[in-house]
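Peer 1: Okay, here's what each chain looks like letter by letter:
Protein chains: 2
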Amino acid sequence: MSAAPPAVILVRPQLGQNIGSCARAMLNFGLTDLRLVAPRDGWPNVDAGPSASGADSVLADARVFDTLQEAVADLHYIYATTVRGRELTRPVVTPHRAAAEMRERDAPSGLLFGPERSGLLTTDLVVAHAILTVPVNPAFGSLNLAQAVLLAAYEWYQAGATTEASVLANYDAPAAHGELEGLIEAFDAELTAAGYFAPPETVAAKRMTLRNLLTRPAYSGKEVRTLRGMVTAFTGRRRSRQT
Amino acid sequence: MSAAPPAVILVRPQLGQNIGSCARAMLNFGLTDLRLVAPRDGWPNVDAGPSASGADSVLADARVFDTLQEAVADLHYIYATTVRGRELTRPVVTPHRAAAEMRERDAPSGLLFGPERSGLLTTDLVVAHAILTVPVNPAFGSLNLAQAVLLAAYEWYQAGATTEASVLANYDAPAAHGELEGLIEAFDAELTAAGYFAPPETVAAKRMTLRNLLTRPAYSGKEVRTLRGMVTAFTGRRRSRQT
Numbered sequence: 053m054s055a056a057p058p059a060v061i062l063v064r065p066q067l068g069q070n071i072g073s074c075a076r077a078m079l080n081f082g083l084t085d086l087r088l089v090a091p092r093d094g095w096p097n098v099d100a101g102p103s104a105s106g107a108d109s110v111l112a113d114a115r116v117f118d119t120l121q122e123a124v125a126d127l128h129y130i131y132a133t134t135v136r137g138r139e140l141t142r143p144v145v146t147p148h149r150a151a152a153e154m155r156e157r158d159a160p161s162g163l164l165f166g167p168e169r170s171g172l173l174t175t176d177l178v179v180a181h182a183i184l185t186v187p188v189n190p191a192f193g194s195l196n197l198a199q200a201v202l203l204a205a206y207e208w209y210q211a212g213a214t215t216e217a218s219v220l221a222n223y224d225a226p227a228a229h230g231e232l233e234g235l236i237e238a239f240d241a242e243l244t245a246a247g248y249f250a251p252p253e254t255v256a257a258k259r260m261t262l263r264n265l266l267t268r269p270a271y272s273g274k275e276v277r278t279l280r281g282m283v284t285a286f287t288g289r290r291r292s293r294q295t
Numbered sequence: 053m054s055a056a057p058p059a060v061i062l063v064r065p066q067l068g069q070n071i072g073s074c075a076r077a078m079l080n081f082g083l084t085d086l087r088l089v090a091p092r093d094g095w096p097n098v099d100a101g102p103s104a105s106g107a108d109s110v111l112a113d114a115r116v117f118d119t120l121q122e123a124v125a126d127l128h129y130i131y132a133t134t135v136r137g138r139e140l141t142r143p144v145v146t147p148h149r150a151a152a153e154m155r156e157r158d159a160p161s162g163l164l165f166g167p168e169r170s171g172l173l174t175t176d177l178v179v180a181h182a183i184l185t186v187p188v189n190p191a192f193g194s195l196n197l198a199q200a201v202l203l204a205a206y207e208w209y210q211a212g213a214t215t216e217a218s219v220l221a222n223y224d225a226p227a228a229h230g231e232l233e234g235l236i237e238a239f240d241a242e243l244t245a246a247g248y249f250a251p252p253e254t255v256a257a258k259r260m261t262l263r264n265l266l267t268r269p270a271y272s273g274k275e276v277r278t279l280r281g282m283v284t285a286f287t288g289r290r291r292s293r294q295t
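Keeping their order, the protein sequence lines are chains A and B. Take the first sequence: its position 170, counted from the start at 1, is 222 in this note's numbering, and no numbers get skipped. Take the second sequence: its position 1, counted from the start at 1, is 53 in this note's numbering, and no numbers get skipped.
FYI, nobody ran anything at the bench for these hints, they're computed from the structure. Among the clues, some could well be false.
[What the hints assert, rightly or not] Below are the SDA-like pairs computed for lysine to any residue, each with C-alpha atoms no more than 20 Å apart in a straight line: (1) B:Lys274 x A:His128; (2) A:Lys258 x A:Lys274; (3) A:Lys258 x B:Phe286; (4) B:Lys274 x A:Asp126; (5) A:Lys274 x B:Asp176; (6) B:Lys274 x B:Phe286.
Computed from a predicted structure; not experimentally measured.
Using the sequences and the hints given, assemble the complete structure.
Peer 2: What follows is the structure, given as structure tokens:
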């Protein structure tokens, strides 16, 4: 897990706004090495800053190269992000797999992304060791440049992230939300009748606590019905005492 | 793996352009159930179509609700996407974990996303069974609405995807790309001298084949140097025959 984050190489990028969006996507997941090969509108590009949304350091440190060969000369593992990988004999890997591979290696890696409109050419792909293809809906594959960068960067970060998901102790199927609302309303109505919601400055907090108590356990439909029966029993007893 | 794709519930979304971008992000990964709670600028919104980039069916089928409670009444598992989950007692899960959970269940799930500027309020979070938080660079967390939708949808699709990464048979460390370029140039120069690149209409194809032959195996630095030695040997022998 000692590998440096991969370089992101944008080959002949067209719009400065998209370069900025790529910088933002990168920095969210700890990638900072941005390389531009023959950007169409030159560099720096005033359109890049606003869409970087604060990832200015990535733009400031971006390096520009005349040729792709120069841009990747120091990289040992190069992934070309494209759906057009079939023309070359290369392994085709998912972003998840590529992230695992890059994490396992000590040598610097790079991720190539083509121009917005046309994508990478076959003559670009030849520098790559593998083709990175994002599995998408076969009926609708429409990822823009920054989204492709985001997904590759996301997987790289997750492959090294130590975040653990905390798990519900109770896996019984929760009731539909409408049933929970009905239960909350029943409690609220009876507690109101019982004068529970006083003094006024405590009402909001009491209602939030009530919601938390009833929604946090993810009660099943049967549990919700049982609780409503209890409310009826309690309040029936109270009313009988009042008569 | 029989679960339907989760619904995406946008709570008080502000910009139509972002709603369109969310629809595009969704459809890339097979999500089609878009629900809008009190969209700021009403619905339909003419700004949504262009940024949907063809995901018009998702926009056309989008349903609008006055309240969040109505929007989620039929859902059994609800994930609120936010970084502000600490105020409530809920499990906090990663997108990867949430995807696995949703795939395991037969009951319909939903993903809540808040307004662009403010995110979800605590009073929105109370309908959720869990908080979905994307692990990001602690020094720079800046995901926009469509990016958050994209990552959640991506993980849902990948959890059911059958795509397998194809693996390199040879895991020896490849040479740096600059070494490979040097090898290709050496072959090219000697083959040119040998008259290999003729007739003219075959030159481009021959050079592409040469590149493929030399780059596809991901030769190590030692293999590259060995190959260059062979070229020298071959051409030396040829020259000696010519004298």
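Peer 1: Are the Cα positions of Lys258 of chain A and Lys274 of chain A separated by 20 Å at most?
Peer 2: violated (25 Å)
Peer 1: Compare the distance between the alpha carbons of Lys274 of chain B and Phe286 of chain B with 20 Å, and conclude whether the hinted pair is satisfied.
Peer 2: Within the cut-off at roughly 19 Å; holds.
Peer 1: Are the Cα positions of Lys274 of chain A and Asp176 of chain B separated by 20 Å at most?
Peer 2: violated (25 Å)
Peer 1: Compare the distance between the alpha carbons of Lys274 of chain B and His128 of chain A with 20 Å, and conclude whether the hinted pair is satisfied.
Peer 2: With a Cα-Cα distance of about 14 Å, the restraint between Lys274 of chain B and His128 of chain A holds, given a limit of 20 Å.
Peer 1: Would the pair Lys274 of chain B and Asp126 of chain A pass a check requiring their Cα atoms to be no farther apart than 20 Å?
Peer 2: holds (17 Å)
Peer 1: When you check the alpha-carbon spacing of Lys258 of chain A and Phe286 of chain B, does it fall within 20 Å?
Peer 2: violated (88 Å)
Of the numbered hints given earlier, the model fails hints 2, 3, 5; all others are met.
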